[in-house]
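All chains, full assembly: derive it from the sequences and hints.
Number of protein chains: 4
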Amino acid sequence: MGAHCSRRAWHKGVDTIMQTAPEIAVTRWFNSEPLTLAGLRGRPVLLHAFQMLCPGCVAHGTPQAEKAHRMFQQTDLQVIGLHTVFEHHDVMTPAALDIFIREYRLTMPIGVDEAAEGGGMPVTMARYAMRGTPTAILIGRDGTILHHGFGQEDEMALGARIAQALG
Amino acid sequence: MGAHCSRRAWHKGVDTIMQTAPEIAVTRWFNSEPLTLAGLRGRPVLLHAFQMLCPGCVAHGTPQAEKAHRMFQQTDLQVIGLHTVFEHHDVMTPAALDIFIREYRLTMPIGVDEAAEGGGMPVTMARYAMRGTPTAILIGRDGTILHHGFGQEDEMALGARIAQALG
Amino acid sequence: MGAHCSRRAWHKGVDTIMQTAPEIAVTRWFNSEPLTLAGLRGRPVLLHAFQMLCPGCVAHGTPQAEKAHRMFQQTDLQVIGLHTVFEHHDVMTPAALDIFIREYRLTMPIGVDEAAEGGGMPVTMARYAMRGTPTAILIGRDGTILHHGFGQEDEMALGARIAQALG
Amino acid sequence: MGAHCSRRAWHKGVDTIMQTAPEIAVTRWFNSEPLTLAGLRGRPVLLHAFQMLCPGCVAHGTPQAEKAHRMFQQTDLQVIGLHTVFEHHDVMTPAALDIFIREYRLTMPIGVDEAAEGGGMPVTMARYAMRGTPTAILIGRDGTILHHGFGQEDEMALGARIAQALG
Chain A
59 MGAHCSRRAW HKGVDTIMQT APEIAVTRWF NSEPLTLAGL RGRPVLLHAF
109 QMLCPGCVAH GTPQAEKAHR MFQQTDLQVI GLHTVFEHHD VMTPAALDIF
159 IREYRLTMPI GVDEAAEGGG MPVTMARYAM RGTPTAILIG RDGTILHHGF
209 GQEDEMALGA RIAQALG
Chain B
59 MGAHCSRRAW HKGVDTIMQT APEIAVTRWF NSEPLTLAGL RGRPVLLHAF
109 QMLCPGCVAH GTPQAEKAHR MFQQTDLQVI GLHTVFEHHD VMTPAALDIF
159 IREYRLTMPI GVDEAAEGGG MPVTMARYAM RGTPTAILIG RDGTILHHGF
209 GQEDEMALGA RIAQALG
Chain C
59 MGAHCSRRAW HKGVDTIMQT APEIAVTRWF NSEPLTLAGL RGRPVLLHAF
109 QMLCPGCVAH GTPQAEKAHR MFQQTDLQVI GLHTVFEHHD VMTPAALDIF
159 IREYRLTMPI GVDEAAEGGG MPVTMARYAM RGTPTAILIG RDGTILHHGF
209 GQEDEMALGA RIAQALG
Chain D
59 MGAHCSRRAW HKGVDTIMQT APEIAVTRWF NSEPLTLAGL RGRPVLLHAF
109 QMLCPGCVAH GTPQAEKAHR MFQQTDLQVI GLHTVFEHHD VMTPAALDIF
159 IREYRLTMPI GVDEAAEGGG MPVTMARYAM RGTPTAILIG RDGTILHHGF
209 GQEDEMALGA RIAQALG
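Going down the list, the sequences are from chains A, B, C and D.
Basically my numbering = 1-based index in the first sequence + 58.
Basically my numbering = 1-based index in the second sequence + 58.
Basically my numbering = 1-based index in the third sequence + 58.
Basically my numbering = 1-based index in the fourth sequence + 58.
Careful: at least some of the hints might be erroneous.
[To be verified] Computed Cβ-Cβ distance ranges for the label pairs, DEER-style:
no. : chain 1 : residue 1 : chain 2 : residue 2 : range
1   : D       : D156      : C       : Q210      : 24 to 32 Å
2   : D       : R128      : A       : D148      : 43 to 51 Å
3   : A       : T85       : B       : E175      : 32 to 40 Å
4   : D       : W87       : A       : T85       : 57 to 65 Å
5   : B       : P152      : A       : A173      : 18 to 26 Å
Note that these hints are calculated values from the structure, not bench results.
Using N, Cα and C, we set each Cβ at its ideal position, and we do this for glycine too.
Below, the structure is given as structure tokens:
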């Protein structure tokens with residue numbers, strides 16, 4: 059219960075912080091008009107990558123991202139949930155995600171990561187070389203990656219990082 | 059977050075404890091050969107009705123039923139998970155449930171409640187007049203219903219009820 | 059945070075379950091007239107040994123014993139809290155315990171374990187060869203020890219043990 | 059369980075944020091040389107007022123302040139625990155606090171608020187017009203009060219406030 063979900067595919071990318079956050083590739087949006095990092099340049103962005111059947115996401119990561127979305131709504135922080143399906147594509151469909159979002163009453167913008175040709179790791183997940191879900195990525199006003207974390211984020215530390223990105 | 063899922067359909071049955079537990083109607087089993095209450099007569103049974111996208115089930119009810127399954131495995135208690143889909147049938151399919159069971163590492167026997175003609179409340183759920191998910195039903199050795207609870211079960215009380223049914 | 063408190067003195071007694079529960083030695087009672095195991099013979103007894111400055115007691119054991127006291131109050135289970143001070147006697151006085159009981163709104167009977175001559179492990183704690191606090195001891199209707207556990211008790215298991223002792 | 063402790067005395071002060079943080083009055087220090095706000099001017103300060111027998115402090119506030127002390131130790135934030143005894147002075151003595159600090163393994167600097175003549179609310183608590191314990195007060199680099207909260211602090215919000223004071 060509560061386990062994080064590791065991407066079992068071969069780890070193609072680097073895991074360190076990249077200079078500039080690559081653009082996200084989203085094929086469908088919930089709770090929002092389409093968003094791009096380019097369009098959000100100048101604002102800090104918290105990217106929360108999750109899967110609706112990942113226990114560690116449902117128990118910790120996703121409620122935490124939703125909480126950040128609500129807590130900082132009077133700032134210019136943009137929280138984005140990203141449904142990065144890298145396994146079980148046939149059951150974690152956008153239609154299923156739609157129900158998940160409603161049942162869990164999520165109000166943050168949520169995008170569906172673009173499926174890769176031939177399945178496996180979706181496009182944005184691969185661009186960021188994510189290790190699995192949940193992953194939290196904090197992007198600064200200038201578009202650089204400030205934090206890239208896999209697994210459970212400490213709540214006090216996350217609050218501090220967001221404030222630092224805002225200030 | 060963590061909300062229970064109420065059946066929104068009209069409440070056809072009675073909500074009080076019925077004399078004898080009606081038979082379960084299951085169309086597919088996971089983690090077990092097919093089970094029937096008739097075949098289990100003489101043993102106490104804990105029936106845990108849930109839906110894989112019901113927040114209160116995922117956070118509380120289902121882990122608790124799995125825990126009871128493991129804790130009392132040296133007794134003759136039979137724990138049965140029952141996937142009682144009464145809404146969003148198109149996304150909470152047996153194939154999706156299969157993944158859910160694996161991701162959450164559930165080992166208790168889990169049956170899919172028989173869909174009703176025309177959708178809505180499935181057959182076993184209707185027979186027991188359940189109000190929603192999660193629901194916990196404890197059945198005695200003689201087949202009578204000892205407890206029928208909707209929502210979060212207190213862990214100490216559940217342990218006591220099971221021991222009482224066993225003793 | 060939340061650590062149990064081990065008795066650091068030499069371990070004089072045996073740690074296995076003794077045939078018959080030795081009598082408790084209490085010098086002062088809170089929330090109750092004086093109680094003795096002899097006088098309670100025929101009823102199951104849950105003995106919860108704690109210290110008011112033991113983190114594992116305050117966070118888990120003591121609230122759990124109080125919960126059992128309230129949950130089973132319509133049965134003939136007798137819950138007894140036992141303040142077994144084996145260190146820092148000068149600050150965990152009965153006067154301090156009195157305030158602790160009020161601040162934490164404890165309503166179960168609580169007895170102060172009789173101090174040993176020369177300090178160290180108090181009398182009842184030594185008779186039961188307890189390893190530290192919190193300790194939970196469940197005594198059957200016939201006065202035999204059914205369970206003797208040091209540290210955090212699982213809530214479902216404790217509920218089951220109490221029901222078994224009652225049934 | 060877990061209740062905050064309200065100061066029952068008459069509420070002499072104002073509850074709003076005062077321009078400048080008044081100096082603290084401490085008669086004994088644990089884990090630190092004596093500290094003063096004057097001496098700390100230029101650094102942000104988190105003041106955590108607590109009582110060792112206040113359930114809401116022991117369960118939430120004090121562990122949270124200790125966590126902040128550890129998390130931000132590479133910054134110039136100064137966390138100070140302040141034992142503000144406003145009731146039960148006879149049992150919450152400095153000797154008892156000493157044991158509490160050791161049992162809960164607290165490493166942040168902790169000062170004993172100066173007792174008022176005639177008992178009741180101690181000096182620093184009165185200067186800040188605190189409503190009870192736990193209270194969290196965040197003081198900026200310039201000595202002004204940035205936040206004054208009574209009760210349970212949200213962890214994400216506290217992290218954000220500290221980062222804001224630091225940045």
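Hint-by-hint comparison with the structure:
no., hint, result
1, D:D156 to C:Q210: 24 to 32 Å, "holds (26 Å)"
2, D:R128 to A:D148: 43 to 51 Å, "holds (45 Å)"
3, A:T85 to B:E175: 32 to 40 Å, "holds (36 Å)"
4, D:W87 to A:T85: 57 to 65 Å, "holds (60 Å)"
5, B:P152 to A:A173: 18 to 26 Å, "holds (23 Å)"
Comparing the model with each earlier hint shows no violations; every hint is respected.
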